[in-house]
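Enquirer: Sequence:
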Amino acid sequence: MTAARLAIGAFGLALLGYAAVLGLTTVAPAQYPAVMWWVFTAIVVHDGLIAPVVVAFGVIGRGTARRIGPVAAAVARATLVAAACCSLVLIPGLVVRAVGARNPTIHVVDYPLVLAGLWIAAVVVAGAAVLIGSRRGTVAVTK
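Sequential numbering from 5 applies to the sequence shown in this note's numbering.
There could be a bad hint or two in this list.
Listed next, with one range per pair, are the computed distances between beta-carbon atoms [claimed, not checked]:
| id | residue 1 | residue 2 | range |
| --- | --- | --- | --- |
| 1 | P116 | G21 | 36 to 46 Å |
| 2 | P116 | L10 | 43 to 53 Å |
| 3 | V128 | R101 | 35 to 45 Å |
The set of hints was computed from the structure by calculation and includes no laboratory data. Even for Gly, the Cβ is constructed at its ideal location relative to N, Cα and C.
Generate coordinates for the entire structure from the input sequences, incorporating the hints supplied.
Expert: If you want it as structure tokens, here you go:
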């Protein structure tokens, strides 16, 4: 386990170094403040908003996970995490639609409708997993 963690950490550091070199060689120096602002904002949003919400939902969902079983809990978690990741991709599209795109042929998708449909589908699938798991009556401790 320790060797795997070290390998993953080394790979992550190598990717970070590659990204730094790529950023320094391809981004114009005039764009550095904008890039730094984007990185700072991403860190603040992740550490200040997204991570605490995910931890809170994980703590709240532990009791439910024990009642519905590990498979149903995994399906519900995976569905909600996938929807959250897709939402992060859709948020810039929402902002561009609100501000107005520079090129009218870009961002022609109805992002609010797509986001609403995504979350409706995710909640339905997660809810179905919880209902099916609770009807089976399996009691298992999940980690």
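Enquirer: Could you run down the list of hints and mark each one as holding or not?
Expert: Comparing the hints with the structure gives:
Checked against the given bound of 36 to 46 Å, the beta carbons of P116 and G21, roughly 39 Å apart, stay inside it. At about 44 Å, the CB distance of P116 to L10 agrees with the hint of 43 to 53 Å. The hinted window of 35 to 45 Å between V128 and R101 is violated, with their beta carbons roughly 25 Å apart.
When the structure is compared with the earlier hints, a violation turns up for hint 3 alone.
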